[in-house]
Amino acid sequence: MTTQGYFDYNATTPVCSEAVNAFINAVTQYANPSSKYGLSKTSNEIINDARAQVATLIGADTGEVFFTSGGTESNNWAIKGAFFQQLKISSTRNHLIVSEMEHSSVLEVCAFLEREFDCTVTRLKPDSEGIVSVAAVANALRPETLLVSVMMVNNEVGSLQPIRDIAALLDDRASQQKNLHDQKIHFHVDAVQAVGKIPVDVRDLGVDTMSFSGHKFYAPKGIGGLYIRQGIKITPLLHGGGQERGLRGGTEAIASVAAMGAAAQVTVNTLNDQVVYLAKYRELLRSELLSVVPGVYFHGPANKALQAPNTLSVCIPGIRAEALAALLDNMHGIQVSLGAACSNNKSVALSHVLLSMGLDEDAVKATLRVSIGQYTTESDIHRFVQAVVTGVTTLFRISKPASQSYVTTA
Amino acid sequence: MTTQGYFDYNATTPVCSEAVNAFINAVTQYANPSSKYGLSKTSNEIINDARAQVATLIGADTGEVFFTSGGTESNNWAIKGAFFQQLKISSTRNHLIVSEMEHSSVLEVCAFLEREFDCTVTRLKPDSEGIVSVAAVANALRPETLLVSVMMVNNEVGSLQPIRDIAALLDDRASQQKNLHDQKIHFHVDAVQAVGKIPVDVRDLGVDTMSFSGHKFYAPKGIGGLYIRQGIKITPLLHGGGQERGLRGGTEAIASVAAMGAAAQVTVNTLNDQVVYLAKYRELLRSELLSVVPGVYFHGPANKALQAPNTLSVCIPGIRAEALAALLDNMHGIQVSLGAACSNNKSVALSHVLLSMGLDEDAVKATLRVSIGQYTTESDIHRFVQAVVTGVTTLFRISKPASQSYVTTA
Amino acid sequence: MFNDIIVKNFSNPEFAAEIDNATNTIELGNPVCGDRIKVQLHIEDGVIKKANYAAWGCATSLATGNVFCSHIHGAACSDIQSMDKANIENMLGELDPSQHHCLEMLHKLFEKLQHTIAVQ
Amino acid sequence: MFNDIIVKNFSNPEFAAEIDNATNTIELGNPVCGDRIKVQLHIEDGVIKKANYAAWGCATSLATGNVFCSHIHGAACSDIQSMDKANIENMLGELDPSQHHCLEMLHKLFEKLQHTIAVQ
Ligand SMILES: Cc1ncc(COP(=O)(O)O)c(C=O)c1O
Ligand SMILES: Cc1ncc(COP(=O)(O)O)c(C=O)c1O
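Just so you know, the sequences run in chain order A, B, C and D. Using this note's numbering, you'd call the opening residue of the first sequence number 1 and step up by one each time. Using this note's numbering, you'd call the opening residue of the second sequence number 1 and step up by one each time. Using this note's numbering, you'd call the opening residue of the third sequence number 1 and step up by one each time. Using this note's numbering, you'd call the opening residue of the fourth sequence number 1 and step up by one each time.
Source of the hints: derived by calculation from the structure; they are not laboratory data. Among the hints, erroneous ones may be present.
Computed Cβ-Cβ distance ranges for the label pairs, DEER-style [to be verified]: (1) TYR277(B) with PRO199(A): 54 to 64 Å; (2) VAL276(B) with ASP201(A): 51 to 61 Å; (3) GLY38(A) with THR56(B): 34 to 44 Å.
DSS-like mimics (lysine-lysine), calculated; alpha carbons at most 25 Å apart, straight line [to be verified]: (4) LYS85(C) with LYS400(A); (5) LYS280(B) with LYS304(B); (6) LYS304(B) with LYS88(A); (7) LYS88(B) with LYS125(B); (8) LYS400(B) with LYS8(D); (9) LYS85(D) with LYS400(B).
Using N, Cα and C, we set each Cβ at its ideal position, and we do this for glycine too.
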C-alpha cells in the first residue's frame with residue numbers, strides 16, 4: 001500500500017518489513033513458551049530477544065519490560081494497578097492527578113475509578129501551547145495523592161511535557177515531606193506518542209511506569225508494553241497463569257512480540273536521523289503552508305524543541321477542517337486527522353485536547369492534525385501543500401458569501 | 001516446523017497457513033479503523049469479515065463478538081466486568097460460584113476479588129471424572145449470588161461440563177424465585193478449550209458471556225474474544241477510545257483479528273470431520289497404551305461422549321510423568337504436558353485440576369496429558385506409543401529396585 | 001465515509017456561486033454543528049431559472065447545498081410544490097449516522113422553498 | 001529445560017543396576033518432591049570398585065544418581081575424602097531453579113559417602 005498521501009502517523013504507522021518478517025519467522029515457532037520441553041526454548045528465546053530490543057529502545061532493564069496488547073491496556077494496567085495495589089493498604093490514599101489532555105485510555109480509567117470507587121481526580125489544564133506545568137502538578141498535590149499521570153508527548157499537538165521535572169518534584173516531595181502514608185506518589189507516563197518518535201530513557205526520566213504501543217513505531221497493532229520500574233509494585237490487570245513474571249497473564253503473543261522487537265531494533269538504529277529529518281520536513285510543511293494558505297497558523301509550543309518532530313497542528317480560519325479533510329481524502333488520497341467531527345445527528349465531538357488549551361469551537365473545527373513518519377518524502381510534502389491549497393480554494397469558493405452574511409437558524 | 005511429535009494441542013496449536021496468509025494480507029492495510037478517511041474502509045471490512053467468521057463458529061450475532069488479546073483477558077473481563085457492573089447497583093450481591101477446576105485466569109480473578117473486595121467465592125469440587133454437577137451449582141446458589149463461572153471443557157482431562165443444564169437452572173431460578181435484587185445471575189463460560197474442538201453454539205447453550213482464544217484453534221497467540229449476549233451489560237476492562245462498540249478500548253489488532261477469522265473459517269469447514277477422526281485417534285491411543293504399558297489407566301469421564309475428542313489424561317503408576325516426559329522430549333522429540341512439575345527448590349506444583357478430582361499425589365505425579373489436533377496422523381500415534389514404551393522401560397530399569405525398598409529421608 | 005453522491009457534490013460544487021439578480025433567498029443554519037447554507041434563486045414565470053448556493057460546514061453539508069440546487073435548477077415551481085418527503089429521502093444516498101443531520105437540512109430547504117413559492 | 005549433562009545421564013543411565021555383592025548402601029530421599037536415590041557400592045582395598053544406583057523421581061534426580069556413580073566408580077576412597085563442595089558444585093552443569101534440589105541431593109550423597117568411608 002502506498003504511503004505518499006499518509007499524513008496521520010500519530011493515528012498509526014504502516015508496519016515495517018522487518019516487523020513483518022519477524023512475525024512470519026516467529027509464527028512458525030508455535031510452542032507455548034510456558035511449556036517445559038525443548039520446543040519451547042526457541043519461543044522463549046524469541047520473547048527474550050524482543051524484550052531486550054524493546055528495553056534498549058527505552059533504556060530499561062529487560063526485567064522491567066512487560067508485554068501487553070497495546071497502549072490502552074498499559075494505561076489501564078498502570079493506573080488501575082497502582083490504585084488497587086494501594087487499596088489493600090489504605091482506602092484514604094485516593095487522589096489522582098492527570099492532565100486534561102491525556103488520551104481517553106487514561107481519562108476513562110480515571111472516570112471509572114472516580115465513579116465506582118471512593119476516589120477523587122484532579123484534571124490539570126495545560127497552557128495555551130499544550131504544556132502542563134510542573135507548578136500545576138505541585139499545586140494539585142495533596143497528602144492523599146496516590147498517583148500522577150501525565151503523557152510524554154501529546155498526540156494532537158505534539159507538545160512535550162516536562163516529565164523529568166515532574167518526576168523530580170515527586171521525588172523531592174517523597175524525601176522532604178512525608179505524605180500521609182509514607183509512600184511515594186506513583187508517577188505514570190503515557191509515552192505512546194513518544195516511544196519511537198523521540199529518544200526516551202526511563203532512567204533519565206525517573207518515571208515509575210510508562211506505556212508504549214508497537215503500532216506507533218511500525219509494529220503491528222495489538223501489541224505494546226508497560227515499563228515497570230524495578231521495585232515498583234502494581235496489581236495485575238490480567239490475572240492468570242504466571243506469564244510475564246506473574247504480572248500479566250495470557251499466553252504470550254510470540255509473533256507479535258517478535259515483530260515489535262524488530263521494529264524497536266530498527267527504531268534504535270534510525271531514531272537519531274529520523275528526529276532530524278522529520279523536524280526538517282515539519283518545518284518545510286509549516287513554511288510552505290504559511291506562504292500559500294491565507295491566515296493559517298499552528299497550535300502547540302512556540303519553542304519548536306518542545307514539539308514532537310513529526311507533528312503539526314494546523315488551523316485554517318474560515319474553513320471546516322472536516323470538509324478540507326474530505327476533499328484531501330477523496331480528491332487527493334491524502335489522510336489527516338481532525339480536531340472535530342460530527343459524531344451523530346445531534347452533536348459534534350470537539351477535541352478535548354484543543355479545548356483544554358483554551359481554543360474556541362471555531363478554532364477547533366478549523367484544525368487539522370498533520371503527522372509524518374519514516375516513509376514521508378519531501379515530494380509528499382510538496383504534493384500535500386498543493387492539495388491543501390486546492391482544497392482551501394474550493395472551500396472558500398463555496399463558503400465565502402455565506403460566511404459573511406448573517407444567517408438565521410432554522 | 002514439524003508437528004509429528006506434538007501431543008500438546010491443549011497448550012497451544014501450530015498456526016494454520018490460512019491464518020498466516022490472512023495476517024500477511026491484512027498487515028499491509030495499515031490504516032487505523034477508527035479513522036474517518038477512505039483508507040480505513042478496508043481495515044474496517046477486514047475486522048467485520050473476521051467478526052462474522054468468528055460469530056459463525058460460535059453461533060452468535062456479529063454484534064455479540066468482542067475481540068480481546070486472548071482467553072485470559074476474556075475471562076478477566078467477563079468476571080470483573082460482571083462484578084463491577086453490579087457494584088454500582090448493590091454491594092450486597094457479592095457471591096461468586098466457580099468450579100475448582102477452572103483455569104488460573106478464572107481462579108486468580110476470583111481470588112483477587114475475594115481479597116480486595118467484599119466478596120465471597122464458592123469453589124465447587126468436580127466428581128472423580130472431572131465433571132461439575134448441576135446439583136452442586138444449585139446447592140451453592142444464594143440470594144446474593146452474582147455470577148456463576150464454569151468452563152465448558154477442562155484443559156487437563158477434557159471433561160465436558162453440563163453448561164446447557166446450568167444455564168437452564170439459572171434461567172429457571174430467575175423466572176421462579178426472585179433473587180435478592182431481581183437480577184439474573186450472570187453465567188460466564190470459559191470455552192477456550194471448547195471452541196475449535198467441539199461444536200459450540202451460544203444460543204443453544206444459553207450463556208451470558210463466553211471466552212475463546214485463537215491460539216487454541218490454529219490462529220496466532222495473543223488474540224481471542226468474548227461473546228457477550230445481546231442485552232447483557234458488563235463494565236469494560238480496558239477503558240479507552242470507543243473501539244469494539246465502546247466496550248473494549250485499544251486500536252484493533254487488525255492483522256491478528258484477520259488471522260483468527262481465517263482460522264475460524266477453516267474450523268467451521270472442518271470441525272465435524274475433526275471431531276470424528278480425533279476421537280478415533282484418541283481411542284487408538286488409549287487401546288494401544290493399554291496393550292503395552294503395564295497398569296496404565298486414564299482420568300476423565302467414563303462416558304467417552306463427555307470428553308473432548310482430542311484429549312487423553314494418561315496415568316502410569318510407578319513412574320514419574322515428569323521423567324517420562326523428559327525422555328520423550330529429549331530422546332524422541334515428543335511434547336506432552338504434565339500433572340505435576342518441580343516448581344522450585346522447595347515445592348512441587350501439583351495440578352489443581354487433578355487434585356480437585358480427588359487424585360492423590362502419587363497419581364498426579366504419574367499423569368501425562370496427551371492432546372492431539374488437526375496435524376496428528378495415525379503414524380504419529382504409533383510412534384508416540386512406541387516412545388512411551390521405551391521410556392517406561394528405561395524408567396522401570398532405573399527405579400524398580402529403589403521403589404520397592406524402604407527409603408529413609410535424608 | 002462518504003458515498004459517491006456526497007463526494008461528487010462536495011468535490012465539484014457546480015452551483016457554488018452568487019446570483020446578482022436573485023429574486024429569493026433561502027437560509028438555513030444548524031445550531032448544533034454550525035452548518036450554514038444560503039441558497040439564492042432566480043424565479044421567473046413559475047420556473048426556477050437559476051439556483052446557486054453558499055455554505056459553511058462539513059463536507060456533507062457542502063454537498064447538500066449542491067444537491068439541492070442541482071435538483072431545483074430549471075424546475076417548474078408546480079413540480080416543486082408537488083414533491084413530498086419520499087422524493088427527497090434518497091437524494092443524498094446512504095448516510096452514516098453522523099451525516100444524517102444533512103438530510104434533515106435538505107428536507108428543511110425544500111420546505112422553505114415550497115413556502116417561498118407558496119407565498120409568492 | 002535440561003542441560004546436556006542431565007539429558008545424557010537420564011537418557012542413558014549406565015549405572016542404573018543392582019549389585020549382588022554390595023559392601024555398602026547409601027540412601028537418600030527428598031521429602032518435598034519425593035525423589036529417592038539408592039546407591040549400592042562395592043568397596044575393596046580403599047577403592048570403590050563398583051557403584052550402581054536406583055532412583056525414583058524427576059528426570060534430574062535420575063540423572064543425579066548416574067552422575068554420582070560415574071564420578072565415584074573406580075575412585076580411590078582417599079580421593080573421595082579430599083573432595084570439597086567446590087568439586088561437586090558443577091557436576092550437574094547449569095540448573096534451572098526447579099532442578100536445584102538435585103544439586104543438594106548430590107552434595108548429600110557425597111557427604112554420606114564420605115561418612116561411610118570414614119566409619120569403615
Ligand atoms: C481453559 C482455559 N482458559 C483460559 C486459557 C487462557 O487463554 P490465553 O492463553 O489465550 O490467555 C487457557 C489456555 O491457556 C485455557 O486452557
Ligand atoms: C497518547 C496515546 N495513548 C494511548 C494510546 C492507545 O494506544 P493503543 O491504540 O495501542 O491502545 C494512543 C493511541 O491510540 C495514544 O495516542
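Here's how the hints hold up against the structure:
1. TYR277(B) with PRO199(A): 54 to 64 Å: Since the Cβ atoms of TYR277(B) and PRO199(A) sit about 56 Å apart, the hinted range of 54 to 64 Å holds.
2. VAL276(B) with ASP201(A): 51 to 61 Å: Check passed, 58 Å falls within 51 to 61 Å.
3. GLY38(A) with THR56(B): 34 to 44 Å: At 38 Å between Cβs, range holds.
4. LYS85(C) with LYS400(A): violated, 30 Å
5. LYS280(B) with LYS304(B): holds, 11 Å
6. LYS304(B) with LYS88(A): violated, 46 Å
7. LYS88(B) with LYS125(B): violated, 31 Å
8. LYS400(B) with LYS8(D): Judged against 25 Å, a Cα distance of about 20 Å means the pair holds.
9. LYS85(D) with LYS400(B): violated, 30 Å
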